[in-house]
Every structure is written in structure tokens, then in C-alpha cells.
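The chain contents come next:
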Amino acid sequence: MNRLLRRGRASWFFALLLFLLLGAQLAQSAARPDPVARLIARMKRQQAAAPSWTARITVDIELPGLRVKGKKVDLRFTAPDSFAFESRGFALLPRRAFMWTADSLFAGLSEPRLAPARRGDPTGSVRVEGVFREEGLLARMEYRLDTLRWVVTRVSTWHDTLEAVRLDTDWLQAARGVWLPAAVHVRMAFSPEAQRFYERMRGTLRRRETPREGQGTITLTFDQHKLGGRP
Amino acid sequence: MLTLISAELGKTLRLWRTGIGYAALVVVIPLVLWGLAAGGQQLSREFTRGLEEQFFVVGEVINGHTAAVMVMNFLWVHVPFLITLVAGDILSGEAVRGTWRVWLTRRPGRLRVVVAKYVVAQLYALSLVLLLALLSVGLGRWWLGSGDVLLVGADGITLLGEELALPRLALAYACAGAAMVSVAALAFWVGTLVEHPIGPIVGSMAILIVLLAVSNIPLDLFDDLRPWLFTSHFDIWSLALEDPLPWAAIRRSLAVLGTWTGLFSGAALWTFLRKDILS
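Residue numbers (this note's numbering), protein chains in the order written: chain L, 1 to 231; chain C, 1001 to 1279.
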């Protein structure tokens, strides 16, 4: 009888212990944010310390329907996330190329998750994937973050199986822990439907064969970086 | 020959019809530039509205160089009509005045007369393009300042740096000159066919209207024909503002324009040298 009672107490004790351990685990995981949120938070902390800076940008755009070559634009970045541009004459700068801060990069991103690194990814890189939904359109996003410098090095936007936009950013170290963009390369691809629509918009007489139909590039080259000053 | 050309030039310049072309440009171009100076900001806003979703838009679109391109963009269809007024009349005008018999039965002979008149017709066409260039670029720079060249053409939007503006505009006007030379040759040839100046003027205009329509109506039916029409290459000037310069397309257009100019000139010479001036 006593043995039976002792055995029953032991079972109760183990059940209670298991319950406490599980509860503690659940409480701990509820208190800890998901890995993507932690990455973004870390990136924000890093960027919060970034100073204001200026640079000169050389803009080259080669898109079907838009060509700009060697246009110089002065950029003033005022911390934390304000841009001002100055140019002699008219200039166009792609908005996407200036999405460096965590807030602008991940705004509106749903279902974010960490994705496994791929062959060729630089050391210290992590991948974040998610989707953007806008008026029924779905875009799959892929971000490659450099966790050694806490900057984004690649952003890809996918529509179905088409990589519509790929944005690669090269960074240079302007001061200890301060990384500024050295070049932004944007590669755009157009779906056959978009290309056909564009073809209809062209003049009746095709005067020039564009060698790279269906795709375009934008390159922003930054130089004359100056922390806090004017270029 | 130079004396003959000079005499012919003086005679042509004294005609009121010759002044119409120059007067039209002298009135229209400052008017357009004034309009751009007064309402350019609104135009600039309307142009950039579609781009602002994807791009940061910096600075003003309108400047003297862009204004010159805009002037060219809507005048390249109309200048040919001004050319036909003089080039069409230059031969048939003599017929209607009854001066052919006096002219052609004496020295210097038919060939030299027709060549002198042809040269004057071409000089007039080129002088209109030169006036267009001087007024558009000169007044435009003075009024609106210099800057990048913005071209909205068949291949989309091209933005050329300010340092390239003047050489490229010069090339554009030279290319436009080649197109206008073909128009003068056409009107000159039509002028050899009839006895009254209204005929070649209206006839040349009618030919230009029909061919311009075929060149610009987006029907598949005309796809094979279009590249061979000289009117399809009237916008050759816009190629000079592309970046990089599409030399192959420029050469192709110049070849088509040159061939038609040669054909019209040869036909004019052939017709005129066999023309019966006695009946």
C-alpha cells in the first residue's frame, strides 16, 4: 500500500516538474522576439548611430524607354533617414536605390522568415524572405543582410518565377563602424507581357535595335563621401 | 555658275513667298519659348508626375536646350510645307510669268539654269533649318538658360548631359537639314511637271501628307513599306540626341534620304531638260 502511495507521489512530482519546465520554456519563447525581428532590431540599433553625410552620385540609367548617362547629383543624408538632392539641371534617381534603413527596407513586409544561406553568399550573410501584397499583386522579397557590417547587400523582388528587380549595394567604410554606399546596381527584368505593352507604346518605326530587350540596369556610383559636410 | 546662283538667289529672296517661311519661324519660335518660360513649371510637373512613383525627380526639365528640342519636335512636320512654298514655285513661277522662253533660248542654257535654281531651292531649305537652329538654341539659352537635353522620342526618354548638348544639337540640325533637302528636291521635281506654282506646292504637300500618314499610322500593312519612305526618316534628327549615338540607324536614314533626294533631283533634271517650252 505504501509502495503504491510513494509511486503515485513520484508520478505527481514528475508531472508537476514537466509542467513547470514547459511553462518556463513557453514563457521564455513568448518573451523572446522571432529571429527576423531580432535581426531588424539589431540593424536599427546599428543604423541609429550613423552620422549625417554627403556624397556625389553619378547616375546611369539604361532602361527600355529611359536613358540617362553620367548625371551628377549631390546627396545630403541627414541622420536618421532624410535625403536631399541637388543637381544642375534635371535628374532622376530610383527610389528603391535609397532604401537602406531597416524601416524603409522592411516596411509592409509580411510573413518574414529566415531562409537558409546559399552557396556563394558572403561570410556573415543571412537571408530574410517575405511577401508584399499590394492591390492583389504579390511580390516575393529576398534580402541578404551582412551581419558583420549590419547593412543590406542584396534585395530581390520576385513576381512568380521572374526576378523583376535585383538591387546590389556595395559599401565602403567611411569611419570605424560607419558604412556608406559606394555603388548601387539595380537590374530590372520585364515580363513578356510588360515588354509587349512597352513595344506598343513605341513609335511605329523601330529605328534602333536595343540589344538587351526585356531588361534594364540602373547604376549609382557614390564618391566624394564626407561625414557631416558637403561634397 | 556662281553669278547665276547669286542672281537666282536675289530673285528668290525678293519674292514675298520666300519671306513667309522665315516670318513664320521668327513669330512661332519666340512665341513657343515665351510659352515655355511662362508655363514651363506646369509642363515640368505634368511630365514628372508619372515618374515620381518610381523616381526622385530633381531639378527642372525645361531649359533652353530642351526647349529647342521641343520646338524641333513639333516643327519638323511643318517646316517641309514652308519649303514647298519656295522650292515648288522656283521653276513653275517662271512658267507662269512667261519668262522661260527668254531664259532658255539664250545662254547660259537649260542645264545651268536648272542647276542654279536647284541650288537656290536647297539653300532655302537649309537656311530655314539654320534659322530654326539659331532661334531655338540661341533664344532658348538666353531666355531659359542652358542645361541637359531631355528627349522624349519613339525609344522613350533620353537625358543627355549639358556638355553634350551643343554638339548633339548641331548634329541633330544637320540631320534635319538632310531631311529637308529631300523635301526641297521633291517640290523641285513636282515643279518641273506643271506650269502653275500652285500645282507643285499643293502637289508636294499632298504627297508629303500621304507619305507622312503611311509613315506614322501604326498598321502592320505598312510595316514593309515604311522603312523605304523618305518621310519615315524625317525624325532622323532625334537619333542625334540618343545615347549612345545610333550611327547605324543614322547612316541607314541618311542613305534612304540621300537616295530619294538623288531620285527626285535626277527626275527633275530629266523632266526639265526635255520640257517643251514653246507650246
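Treat the hints as calculated values from the structure; they're not laboratory data.
Just so it is clear, the structure is predicted and the values come from calculations on it, not from any experiment.
Incorrect hints may appear among the rest.
Said to hold, decoys possible - Capping the alpha-carbon separation at 25 angstroms, the derived lysine to any residue pairs in SDA-like fashion look like this:
no.: 1; chain 1: L; residue 1: K44; chain 2: L; residue 2: L148
no.: 2; chain 1: L; residue 1: K72; chain 2: C; residue 2: F1055
no.: 3; chain 1: L; residue 1: K69; chain 2: C; residue 2: L1229
no.: 4; chain 1: L; residue 1: K72; chain 2: L; residue 2: V178
no.: 5; chain 1: L; residue 1: K72; chain 2: C; residue 2: P1167
no.: 6; chain 1: L; residue 1: K72; chain 2: C; residue 2: L1131
no.: 7; chain 1: L; residue 1: K226; chain 2: L; residue 2: G177
no.: 8; chain 1: L; residue 1: K44; chain 2: L; residue 2: R113
no.: 9; chain 1: L; residue 1: K72; chain 2: C; residue 2: W1142
no.: 10; chain 1: L; residue 1: K69; chain 2: C; residue 2: V1077
no.: 11; chain 1: L; residue 1: K72; chain 2: C; residue 2: L1245
no.: 12; chain 1: L; residue 1: K72; chain 2: L; residue 2: T217
no.: 13; chain 1: L; residue 1: K72; chain 2: C; residue 2: R1045
no.: 14; chain 1: L; residue 1: K69; chain 2: L; residue 2: D223
no.: 15; chain 1: L; residue 1: K44; chain 2: L; residue 2: D160
no.: 16; chain 1: L; residue 1: K72; chain 2: C; residue 2: L1166
no.: 17; chain 1: C; residue 1: K1275; chain 2: C; residue 2: L1043
no.: 18; chain 1: L; residue 1: K72; chain 2: C; residue 2: A1248
no.: 19; chain 1: L; residue 1: K69; chain 2: C; residue 2: S1146
no.: 20; chain 1: C; residue 1: K1011; chain 2: C; residue 2: S1127
no.: 21; chain 1: L; residue 1: K226; chain 2: C; residue 2: F1056
no.: 22; chain 1: L; residue 1: K69; chain 2: C; residue 2: K1275
no.: 23; chain 1: L; residue 1: K44; chain 2: L; residue 2: D170
no.: 24; chain 1: C; residue 1: K1011; chain 2: C; residue 2: L1131
Hints versus structure:
Among the hinted pairs, K44/L with L148/L is consistent with the structure: their alpha-carbon atoms are about 14 angstroms apart, no more than 25 angstroms. With a CA separation close to 15 angstroms, the supplied pair K72/L and F1055/C stays within the 25 angstroms bound. Note on K69/L and L1229/C: the hinted pairing is violated, with a Cα-Cα distance of about 32 angstroms set against a maximum of 25 angstroms. Between the alpha carbons of K72/L and V178/L the distance comes to roughly 24 angstroms, so the proposed pair stays at or under 25 angstroms and holds.
Between the alpha carbons of K72/L and P1167/C the distance comes to roughly 20 angstroms, so the proposed pair stays at or under 25 angstroms and holds. Distance hint between K72/L and L1131/C is unfulfilled; the C-alpha atoms sit about 33 angstroms from each other, more than 25 angstroms. For the suggested pair K226/L and G177/L, the alpha carbons sit about 15 angstroms apart, so the restraint of at most 25 angstroms is met. A hinted pair counts as satisfied when its Cα atoms are at most 25 angstroms apart, and K44/L with R113/L qualifies at roughly 18 angstroms.
Taken as a hint, the K72/L and W1142/C pair is honoured in the structure, with Cα atoms around 24 angstroms apart against an allowance of 25 angstroms. The suggested pairing of K69/L with V1077/C is violated, with an alpha-carbon distance near 29 angstroms, which exceeds 25 angstroms. Restraint check for K72/L and L1245/C: the C-alpha separation of about 21 angstroms stays at or below 25 angstroms, so the hint holds. About 17 angstroms separates the Cα atoms of K72/L and T217/L, which keeps this hinted pair within 25 angstroms; it holds.
Taking the CA atoms of K72/L and R1045/C, the gap is about 21 angstroms. The hint holds against a cut of 25 angstroms. For the proposed pair K69/L and D223/L, the alpha carbon gap of about 16 angstroms is at most 25 angstroms, so the pair holds. With a C-alpha separation of about 30 angstroms, the suggested pair K44/L and D160/L falls outside the 25 angstroms cut-off, and the hint is violated. Using a Cα cut-off of 25 angstroms, the hinted pair K72/L and L1166/C holds, with the two alpha carbons roughly 19 angstroms apart.
Under the criterion of a C-alpha separation no larger than 25 angstroms, the hint pairing K1275/C with L1043/C is inconsistent with the structure, at around 54 angstroms. Straight-line distance between C-alpha atoms of K72/L and A1248/C comes to about 29 angstroms, which puts the hinted pair past the 25 angstroms bound. Pair hint K69/L plus S1146/C holds up; C-alpha atoms about 18 angstroms apart against a cutoff of 25 angstroms. Only pairs whose Cα atoms come within 25 angstroms are accepted, and K1011/C paired with S1127/C is accepted, the gap being roughly 16 angstroms.
For the hint pairing K226/L with F1056/C, the CA-to-CA distance comes to about 22 angstroms; that is within 25 angstroms, so the pair holds. Distance check on the hinted pair: K69/L and K1275/C sit about 56 angstroms apart at the alpha-carbon level, beyond 25 angstroms; violated. Proximity of K44/L to D170/L is assessed by CA-CA distance (about 19 angstroms); at most 25 angstroms being required, the pair is judged to hold. Using a Cα cut-off of 25 angstroms, the hinted pair K1011/C and L1131/C holds, with the two alpha carbons roughly 20 angstroms apart.
Hint compliance for this structure: hints 3, 6, 10, 15, 17, 18 and 22 are not met, and every other hint is.
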